[in-house]
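Engineer: Chains as they are written, first to last, in my numbering: chain A, 1 to 594; chain B, 1 to 130.
There may be inaccurate statements among the hints.
[As the list claims (entries may be wrong)] From the structure, some residues in chain B lie toward chain A, with a derived Cβ separation under 10 angstroms: (1) L10; (2) M13; (3) K14; (4) V17; (5) Q18; (6) N22; (7) N29; (8) N32; (9) G44; (10) G48; (11) T70; (12) K88.
[To be verified] Listed next, the in silico EDC-like pairs over lysine to aspartate or glutamate satisfying Cα-Cα at most 20 angstroms (straight line): (13) K14(B) with E253(A); (14) K83(A) with D2(B); (15) K143(A) with D9(B); (16) K5(B) with E467(A); (17) K493(A) with E467(A); (18) K5(B) with D267(A); (19) K12(B) with D136(A); (20) K12(B) with E146(A); (21) K182(A) with D267(A); (22) K83(A) with E51(B); (23) K476(A) with E449(A); (24) K83(A) with D100(B); (25) K259(A) with D62(B); (26) K12(B) with E516(A); (27) K3(B) with E51(B); (28) K14(B) with E467(A); (29) K5(B) with D103(A); (30) K5(B) with E146(A); (31) K105(A) with E51(B); (32) K87(B) with D130(A); (33) K3(B) with D94(A); (34) K88(B) with E449(A); (35) K14(B) with D103(A); (36) K259(A) with D8(B); (37) K332(A) with E25(B).
Since the hints were derived computationally from the structure, they do not count as laboratory data. All of these numbers come straight from a predicted model, not from anything done at the bench. Beta carbons: idealized from backbone N, C-alpha and C, even for Gly.
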Amino acid sequence: MYKMHLLVCGGTGCRATQSKQIEENLRAELKAKGLENDAQVIITGCFGFCEKGPIVKILPDNTFYVGVESEDAAEIVEEHVLKGRRVERLLYTDPENKEHISDSKHMGFYQKQIRIALRNCGFIDPENIDEYIARDGYFALGKVLEMSQTEAIEIMKKSGLRGRGGGGFPTGLKWEIAYNNKADQKYVVCNADEGDPGAFMDRSILEGDPHSIIEAMTICGYCIGASKGLVYIRAEYPLAITRLQIALKQAREYGLIGKNILGRNFDFDIELRYGAGAFVCGEETALIHSMEGLRGEPTVKPPYPAESGYLGKPTNVNNVETFANVPVIFLKGHEWFSSIGTAKSKGTKVFAITGKINNVGLIEVPMGITLREVIYEVGGGIKDGKMFKAVQTGGPSGGCLTEKHLDTPIDYDSLLAVGSMMGSGGMIVMDEDDCMVSIARFYLEFILEESCGKCTPCRIGNKRLHEILKKITEGKGEPADIERLKALGNVIKDTSLCGLGQTAPNPVLSTISNFEDEYLAHVNEKRCPAGQCKALLKYEVDENLCTGCTLCFRNCPVGAITGERRQPHHVNQSLCIKCGVCLEKCKFNAILLT
Amino acid sequence: MDKIKSLDDLRKMKQAVQSQLNLRERGENSENYVQIKVAMATCGIAAGAREVMNAFLRKIEDDKILAIVTQTGCMGYCHSEPTVEVKKPGEEPIIFGHVDAKKADSIVDKYIKNGELLEGIIPVNYQTIV
Ligand SMILES: Cc1cc2nc3c(=O)[nH]c(=O)nc-3n(C[C@H](O)[C@H](O)[C@H](O)COP(=O)(O)O)c2cc1C
Numbered sequence: 001m002y003k004m005h006l007l008v009c010g011g012t013g014c015r016a017t018q019s020k021q022i023e024e025n026l027r028a029e030l031k032a033k034g035l036e037n038d039a040q041v042i043i044t045g046c047f048g049f050c051e052k053g054p055i056v057k058i059l060p061d062n063t064f065y066v067g068v069e070s071e072d073a074a075e076i077v078e079e080h081v082l083k084g085r086r087v088e089r090l091l092y093t094d095p096e097n098k099e100h101i102s103d104s105k106h107m108g109f110y111q112k113q114i115r116i117a118l119r120n121c122g123f124i125d126p127e128n129i130d131e132y133i134a135r136d137g138y139f140a141l142g143k144v145l146e147m148s149q150t151e152a153i154e155i156m157k158k159s160g161l162r163g164r165g166g167g168g169f170p171t172g173l174k175w176e177i178a179y180n181n182k183a184d185q186k187y188v189v190c191n192a193d194e195g196d197p198g199a200f201m202d203r204s205i206l207e208g209d210p211h212s213i214i215e216a217m218t219i220c221g222y223c224i225g226a227s228k229g230l231v232y233i234r235a236e237y238p239l240a241i242t243r244l245q246i247a248l249k250q251a252r253e254y255g256l257i258g259k260n261i262l263g264r265n266f267d268f269d270i271e272l273r274y275g276a277g278a279f280v281c282g283e284e285t286a287l288i289h290s291m292e293g294l295r296g297e298p299t300v301k302p303p304y305p306a307e308s309g310y311l312g313k314p315t316n317v318n319n320v321e322t323f324a325n326v327p328v329i330f331l332k333g334h335e336w337f338s339s340i341g342t343a344k345s346k347g348t349k350v351f352a353i354t355g356k357i358n359n360v361g362l363i364e365v366p367m368g369i370t371l372r373e374v375i376y377e378v379g380g381g382i383k384d385g386k387m388f389k390a391v392q393t394g395g396p397s398g399g400c401l402t403e404k405h406l407d408t409p410i411d412y413d414s415l416l417a418v419g420s421m422m423g424s425g426g427m428i429v430m431d432e433d434d435c436m437v438s439i440a441r442f443y444l445e446f447i448l449e450e451s452c453g454k455c456t457p458c459r460i461g462n463k464r465l466h467e468i469l470k471k472i473t474e475g476k477g478e479p480a481d482i483e484r485l486k487a488l489g490n491v492i493k494d495t496s497l498c499g500l501g502q503t504a505p506n507p508v509l510s511t512i513s514n515f516e517d518e519y520l521a522h523v524n525e526k527r528c529p530a531g532q533c534k535a536l537l538k539y540e541v542d543e544n545l546c547t548g549c550t551l552c553f554r555n556c557p558v559g560a561i562t563g564e565r566r567q568p569h570h571v572n573q574s575l576c577i578k579c580g581v582c583l584e585k586c587k588f589n590a591i592l593l594t
Numbered sequence: 001m002d003k004i005k006s007l008d009d010l011r012k013m014k015q016a017v018q019s020q021l022n023l024r025e026r027g028e029n030s031e032n033y034v035q036i037k038v039a040m041a042t043c044g045i046a047a048g049a050r051e052v053m054n055a056f057l058r059k060i061e062d063d064k065i066l067a068i069v070t071q072t073g074c075m076g077y078c079h080s081e082p083t084v085e086v087k088k089p090g091e092e093p094i095i096f097g098h099v100d101a102k103k104a105d106s107i108v109d110k111y112i113k114n115g116e117l118l119e120g121i122i123p124v125n126y127q128t129i130v
């Protein structure tokens with residue numbers, strides 16, 4: 001029997017930083033010391049604390065090692081496994097009091113988190129169905145199969161769970177509509193397209209706990225009367241796909257999906273459908289068309305998928321994270337679930353926090369927590385002691401919020417009220433060095449690439465918005481441009497066919513409303529306050545400091561610098577390409593950037 | 001593998017695989033469980049700490065004791081090895097010296113189950129390393 005478990009993070013992030021090698025080295029070291037029957041190495045899903053990865057957690061000693069490298073395997077085995085001594089240098093250091101913390105529960109990053117959707121990520125081996133079952137896996141399904149369909153739907157409605165894919169539609173109600181639409185065949189679809197830039201919530205759930213999705217889809221199938229499930233997943237998620245395939249095979253072998261599930265008169269099976277990674281294919285009607293082999297373009301709703309979806313049959317589409325919550329609602333009860341969160345937003349939300357923040361990673365927090373708590377407590381504050389400037393939620397459909405919004409509770413309605421949205425869980429933090437006009441331009445560039453082109457406002461309108469923004473960041477903007485952006489943005493919102501176009505101008509409109517000063521500086525003063533817009537930067541020589549050493553002159557790639565030896569030099573602005581080489585090379589701090 | 005054909009089968013299946021995860025679930029919430037720490041430095045291992053640890057593991061599994069067994073470094077009582085620290089939830093830890101497999105059983109039967117103290121307790125004047 002094993003005395004110790006060594007959990008090694010096998011999420012995509014830690015994999016990228018050699019966790020596979022760590023795993024192999026740990027196994028080899030254990031073998032070399034004859035400990036392979038004492039300590040077991042287990043590959044888990046993401047622990048969330050990606051900033052500090054790769055992570056190795058040892059239980060029952062409850063020791064959380066961070067930033068582990070493959071060479072550390074020998075020391076972990078020799079010291080911790082063999083001699084029972086913690087490897088201090090691999091422990092997390094509290095940024096405030098500089099003390100080592102070995103139990104992750106005591107780290108700021110984890111203290112405010114509640115893990116429902118991520119309950120098994122970083123705890124079980126996602127490739128072993130037995131571990132899922134040991135955590136009460138498939139018991140929710142067992143319970144539901146003893147209820148009537150309407151009883152189970154009622155529990156879903158009472159739980160208050162709302163869709164985590166962005167729209168926030170009440171899940172129980174959606175199931176009820178699909179249940180009420182009678183048909184010979186219905187479908188359950190799991191939306192695993194996850195197209196928001198920087199988001200990896202759904203991916204991590206599928207990589208870390210695929211059975212929870214299979215169980216939830218099966219529950220949904222029973223409730224609405226569907227015998228077939230489809231997971232629409234982007235092909236760029238190979239690890240998630242592999243783990244889902246393994247999980248499906250195991251569930252089928254155990255008879256937990258297939259015919260007569262748990263001895264009941266209910267059949268359900270699941271297939272995978274691969275997407276090519278287009279953002280618009282996350283929109284449910286486009287997704288369905290893509291699964292049907294048609295072009296991934298949206299169509300007007302109604303009819304909603306619950307009425308006429310895949311192959312024209314009633315189809316219930318839910319997001320991965322939405323599904324991940326379902327088994328817990330049946331295991332712990334709708335009262336328990338709805339006791340977490342706010343009046344209208346129940347439970348938790350998973351966010352992928354990135355950007356200029358100390359603790360980049362995957363977090364799950366109760367609804368109603370404030371942005372400030374997430375950024376400063378869970379996220380550990382802004383990197384390098386810089387000033388907070390903005391936080392972007394909702395991805396390309398959302399908005400940028402500022403200092404004055406930091407005490408906004410995170411829930412569907414509060415975020416909408418301040419001009420952003422919950423979205424699917426991307427959260428990007430920006431600091432004083434980020435230019436908000438450029439950020440808006442970045443999101444629009446994404447939209448230009450991802451718009452399917454079917455409707456004119458989105459295809460052409462967003463292109464025009466982008467042109468204006470480009471003009472502004474290049475120092476050619478005029479005051480009327482800001483009004484043009486607003487007017488055009490609102491037209492696009494009102495007239496686009498699908499959610500992509502209807503929300504695409506949000507990053508522009510929200511940055512105008514929250515950072516108007518910055519737009520005005522670009523337009524009126526031809527100045528970029530954050531110093532990001534190249535065209536608005538000016539490199540000049542401080543004549544008092546310049547010694548005439550000619551270093552800048554010799555390094556300038558375009559010959560924009562002139563001057564005699566030992567005489568102050570000069571930058572010819574019409575030739576300068578603002579590459580910054582002169583600033584980098586000057587030994588006398590004589591190059592000024594304004 | 002046989003198919004799971006009923007909720008009852010699923011329950012049986014869970015029972016069969018549960019022990020795999022007990023170690024992890026208890027470890028995450030160690031403060032709620034009896035913690036048994038066996039000193040495993042060179043002196044302890046030489047004196048038979050490994051067998052003692054195995055004896056505890058067997059005993060808590062057989063008697064279904066809600067406990068976790070871990071190892072620590074040298075506690076500084078080399079003369080009394082193998083030494084074992086036992087901490088019940090909410091109580092001060094107690095250290096036993098010269099523990100062998102037999103004594104391990106009686107520590108579980110007497111102290112952990114019934115709160116009776118045994119011979120061989122070492123007065124506590126140290127800090128555990130782990
Ligand atoms: C442009 C666009 C992209 C979307 N991308 C996703 C996505 O990647 N994942 C997702 O679950 N929902 C996405 N949605 C929302 C889906 O249309 C749909 O509302 C959702 O899958 C429903 O599931 P839920 O109720 O569980 O949230 C997107 C919507 C739009 C308009």
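Engineer: Go through the hint on L10(B) and say holds or violated, using the shortest Cβ distance to chain A against 10 angstroms.
Structural biologist: Since the shortest Cβ distance to chain A is 6 angstroms, the answer is holds.
Engineer: Taking only the CA atoms, is the gap from K259(A) to D8(B) under or equal to 20 angstroms?
Structural biologist: holds (18 angstroms)
Engineer: Is K259(A) close enough to D62(B), meaning Cα to Cα at most 20 angstroms?
Structural biologist: violated (38 angstroms)
Engineer: Starting from K12(B), check that the Cα of D136(A) is at most 20 angstroms away, please.
Structural biologist: With Cα atoms ~12 angstroms apart, K12(B) and D136(A) stay inside 20 angstroms; holds.
Engineer: K105(A) and E51(B) were given as a pair; does the straight-line alpha-carbon distance stay at or below 20 angstroms?
Structural biologist: violated (32 angstroms)
Engineer: Are K5(B) and D103(A) close enough, with their CA atoms no more than 20 angstroms apart?
Structural biologist: violated (40 angstroms)
Engineer: For a C-alpha distance cap of 20 angstroms, please report whether K5(B) and E467(A) respect it.
Structural biologist: Roughly 62 angstroms separates the two Cα atoms, so the pair is violated.
Engineer: What's the verdict on K88(B) and E449(A), does the C-alpha distance respect the 20 angstroms limit or exceed it?
Structural biologist: At roughly 61 angstroms apart (the allowed maximum being 20 angstroms), E449(A) and K88(B) break the hint.
Engineer: Let's test the interface hint: is any C-beta of chain A closer than 10 angstroms to that of K14(B)?
Structural biologist: holds (5 angstroms)
Engineer: Does the closest beta carbon of chain A sit nearer than 10 angstroms to the beta carbon of G44(B)?
Structural biologist: holds (9 angstroms)
Engineer: For the pair we were handed, K493(A) and E467(A), check the Cα-Cα distance against 20 angstroms.
Structural biologist: holds (18 angstroms)
Engineer: Quick one, are K3(B) and E51(B) close enough, alpha carbons at most 20 angstroms?
Structural biologist: Violated, at about 39 angstroms.
When held up to the earlier numbered hints, the structure conflicts with 8, 10, 12, 14, 16, 23, 25, 26, 27, 28, 29, 31, 32, 33, 34, 35 and fits the remainder.
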